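Participant: Sequence:
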Amino acid sequence: MAGTVSTAGGNIVLTVPGPIAGGTTFTPPAVTINVTAGAAGTPITSKYAGTSYASPGMTMTTKVAIVGNVATACYPNPSPTLTTTSVV
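The opening position of the sequence shown corresponds to residue 1 in the numbering used here, with each subsequent residue numbered one higher.
Hints are not guaranteed to be accurate.
[Unchecked claim] Ranges of calculated distance between the beta carbons of each label pair, as one might list FRET restraints:
1) Val67 with Ala37: 45 to 51 Å
2) Pro29 with Ala65: 15 to 21 Å
3) Pro29 with Pro80: 16 to 22 Å
4) Pro78 with Ser6: 21 to 27 Å
5) Ser46 with Ala2: 47 to 53 Å
6) Ile20 with Pro76: 54 to 60 Å
7) Ala2 with Thr81: 23 to 29 Å
8) Ala39 with Lys63: 45 to 51 Å
9) Thr45 with Ala65: 39 to 45 Å
No wet-lab data here; the hints were simulated from the structure. These numbers were taken from a predicted model, which means no experiment stands behind them. Every residue, glycine too, gets a C-beta built ideally from N, C-alpha and C.
All chains should be built: construct the whole structure from the sequences, respecting the hints.
Facilitator: Set out below in structure tokens:
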């Protein structure tokens, strides 16, 4: 399933259209990100975004047969570091 990538507030946002069938395992599409290095000695670190339910790292809408659409949000706690690159 293809997605779209955009930026918002310094974050990279991956949007994947649905629906995703219930009971299935879903892996988001791979995203390649090219960054520009800053000053020497400054690390470039990538993490999952989100610090609370008010500022989530992942949101989705779930269709529940009896209720209708239900918004869901989650965030990593703690946020794992995905990569760190040192600028030399």
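Participant: None of the hints should be skipped; say for each whether it holds.
Facilitator: Going through the hints against the structure:
1. Val67 with Ala37: 45 to 51 Å: Holds: the Cβ-Cβ distance is about 48 Å, inside 45 to 51 Å.
2. Pro29 with Ala65: 15 to 21 Å: Violated - the Cβ-Cβ distance for proline 29 and alanine 65, about 28 Å, lies outside 15 to 21 Å.
3. Pro29 with Pro80: 16 to 22 Å: holds (20 Å)
4. Pro78 with Ser6: 21 to 27 Å: holds (26 Å)
5. Ser46 with Ala2: 47 to 53 Å: About 22 Å separates the Cβ atoms of serine 46 and alanine 2, which means 47 to 53 Å is violated.
6. Ile20 with Pro76: 54 to 60 Å: Hint violated: Cβ distance 20 Å, outside 54 to 60 Å.
7. Ala2 with Thr81: 23 to 29 Å: 27 Å Cβ-Cβ, so the 23 to 29 Å window holds.
8. Ala39 with Lys63: 45 to 51 Å: For alanine 39 and lysine 63 the Cβ distance comes to about 48 Å; the hint holds.
9. Thr45 with Ala65: 39 to 45 Å: holds (42 Å)
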